Amino acid sequence: MRLILFSAFLSGSLLLSAGPLPAQEAVYQAPTGEAPPVAPPLKKGSPLDHLVNDPKLAEPAIGYKEGRTEGDAPWIAHRLIDEAGGQGWGWVKKSDAGWGSAKWIALQETPGLAVAPHRKLLKADADENWEFKFWGKFASYKAYDPRLDEQLPVFILQGYEVIGPQPALDIKVGPPDRIEHRPSGASSRDNRPILSDPGVD
Amino acid sequence: MRLLHALLSLALLGALHASAQSREDIVLTGGPALRFMEHGKGDVSHDVYWFNFVDASVIRLKELKDQAKPEELVTWLIYRPAYAARSQEMGMDLLAQLRDKAKNLGVRLVWFNSKEELVAYFNKGLDRDKIKIGDFDYFGHSNKACFLFDYSNTIDTMSIAWLHVKDLRLIDRDIFARDATCKSWGCHSAEMYSQWWKDHFGVPLTGAIGKTDFAHGGLPQLSNSDGKWAQ
Chain S
1 MRLILFSAFL SGSLLLSAGP LPAQEAVYQA PTGEAPPVAP PLKKGSPLDH LVNDPKLAEP
61 AIGYKEGRTE GDAPWIAHRL IDEAGGQGWG WVKKSDAGWG SAKWIALQET PGLAVAPHRK
121 LLKADADENW EFKFWGKFAS YKAYDPRLDE QLPVFILQGY EVIGPQPALD IKVGPPDRIE
181 HRPSGASSRD NRPILSDPGV D
Chain L
1001 MRLLHALLSL ALLGALHASA QSREDIVLTG GPALRFMEHG KGDVSHDVYW FNFVDASVIR
1061 LKELKDQAKP EELVTWLIYR PAYAARSQEM GMDLLAQLRD KAKNLGVRLV WFNSKEELVA
1121 YFNKGLDRDK IKIGDFDYFG HSNKACFLFD YSNTIDTMSI AWLHVKDLRL IDRDIFARDA
1181 TCKSWGCHSA EMYSQWWKDH FGVPLTGAIG KTDFAHGGLP QLSNSDGKWA Q
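Chains as they are written, first to last, in our numbering: chain S, 1 to 201; chain L, 1001 to 1231.
It is possible that part of the hints are untrue.
[Said to hold, decoys possible] Below, computed lysine to any residue pairings styled on SDA-like, alpha-carbon distance capped at 25 Å: (1) K133(S) / K43(S); (2) K1124(L) / K1166(L); (3) K137(S) / G67(S); (4) K1166(L) / K133(S); (5) K1041(L) / I179(S); (6) K1115(L) / A168(S); (7) K1115(L) / D177(S); (8) K1041(L) / L80(S); (9) K142(S) / D125(S); (10) K44(S) / K1124(L); (11) K56(S) / D1043(L); (12) K94(S) / A168(S); (13) K1124(L) / D1043(L); (14) K137(S) / D1179(L); (15) K43(S) / K1124(L).
Everything labelled a hint here was simulated from the structure, so no lab data went into it. Here the structure is a predicted model, which means the values were calculated and not measured.
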């Protein structure tokens, strides 16, 4: 009986102390020293296909609409390039409000429905100081801009209409933390801006 | 006497079970950009290859599996939304491919969808009083202040899922074994992240000064001749 008990104990302990089962299939061999695979062919009609193959314009076409643009536009947007190197898109305000209430935003595009107006242009900054009617909403989350170590409110774009070029706005550029000189979480160890490209590949 | 033997055996079995898994090795993998976001950026266009972080992770996971003692768990944490979005863009089921890779390696695959889920796994995913993290590797986008699990996947050139140095305080200080080995294979981590990591967890994090390059296949290399690995 002692032998039976000991055998049961030994079997049980081996069972319980064993790690995950070993792989049952051939182990994946990652490429070494060779160029990785290239992207598969573009899917015809996909947002990326349109981006790559559609003709580009020198500037936005006034009155052009894209995406869901039913009803009165709830938002007005003013495109601006951030000279500090940030990736914010520009300003967005409610249609019936003044620019003093505008927010400096990260623009979340909705590929297949509505993408940033500059995607149709020869140069990405060719819509600077142009204004647009925007349809969409603010997201519940924020975006992190790794170049400047900043967080921005996110506007999810669902549709837009081109208004046209407008005079530059006299508003300080950037999210509130930059304008109010609030330090980022990392600034006790280093000065902002971070300006380190997260680039890998 | 028989009863005594049985009780002793059960007690021993319980003790063995508690110590059966005393360490966990973790590989944390961030997601790729969408080609839509990175199109037209030339030499700085990120993640032309969708599994650049995955291939490197697989190599490291295999090393960990080969070195692991029976009582060590090997866990692969992957930021799921980025691979779901890239799958949709490419018309390929990358999530299924990731599941197959984990299965072939014999490692535990744990998806996470947000920083909050990741922090919850670190703190409560396993009983951290008993199972400490013995090895940690991060593969993904980063700057010196941040691990970026999402980068240029939801918003062009930005992130909606990250772990900033100031977020480290959300993670319990004692989740790592005292002799834990930690490494970030992303860019710039040793320029800031490593210091904050050591201050918070008490274990070093090896990282890069300068950029790292995943494009050669294999584990990432330092991009520049003046770069180096540091803690």
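Evaluation of the provided hints:
The hinted pair formed by K133(S) and K43(S) fails the criterion: a straight-line CA distance of about 30 Å is larger than 25 Å. As the CA atoms of K1124(L) and K1166(L) are separated by approximately 20 Å, the hinted pair is consistent with the 25 Å bound. A hinted pair counts as satisfied when its Cα atoms are at most 25 Å apart, and K137(S) with G67(S) qualifies at roughly 14 Å. About 37 Å separates the Cα atoms of K1166(L) and K133(S), which puts this hinted pair outside 25 Å; it is violated.
Restraint check for K1041(L) and I179(S): not satisfied, since their Cα atoms lie roughly 29 Å apart, outside the 25 Å limit. Between K1115(L) and A168(S), the direct Cα distance comes to roughly 38 Å. Violation of the 25 Å bound is thereby established for this hinted pair. For the hint linking K1115(L) to D177(S), the alpha-carbon distance of about 22 Å falls within 25 Å, and the restraint holds. The straight-line distance between the Cα atoms of K1041(L) and L80(S) is roughly 19 Å, inside the 25 Å bound, and the hint therefore holds.
With a CA separation close to 24 Å, the supplied pair K142(S) and D125(S) stays within the 25 Å bound. A hinted pair counts as satisfied when its Cα atoms are at most 25 Å apart, and K44(S) with K1124(L) does not qualify at roughly 45 Å. Between K56(S) and D1043(L) the alpha-carbon distance is near 21 Å, which keeps this suggested pair within the 25 Å criterion. A threshold of 25 Å between alpha carbons decides the hint, and for K94(S) with A168(S) the separation of about 18 Å falls inside it, so the pair holds.
Among the hinted pairs, K1124(L) with D1043(L) is inconsistent with the structure: their alpha-carbon atoms are about 41 Å apart, more than 25 Å. Taken as a hint, the K137(S) and D1179(L) pair is broken in the structure, with Cα atoms around 48 Å apart against an allowance of 25 Å. For a cut-off of 25 Å, the pair hint linking K43(S) to K1124(L) is broken: about 42 Å separates their Cα positions.
Checked against the numbered hints above, the structure violates hints 1, 4, 5, 6, 10, 13, 14 and 15; every other hint is satisfied.
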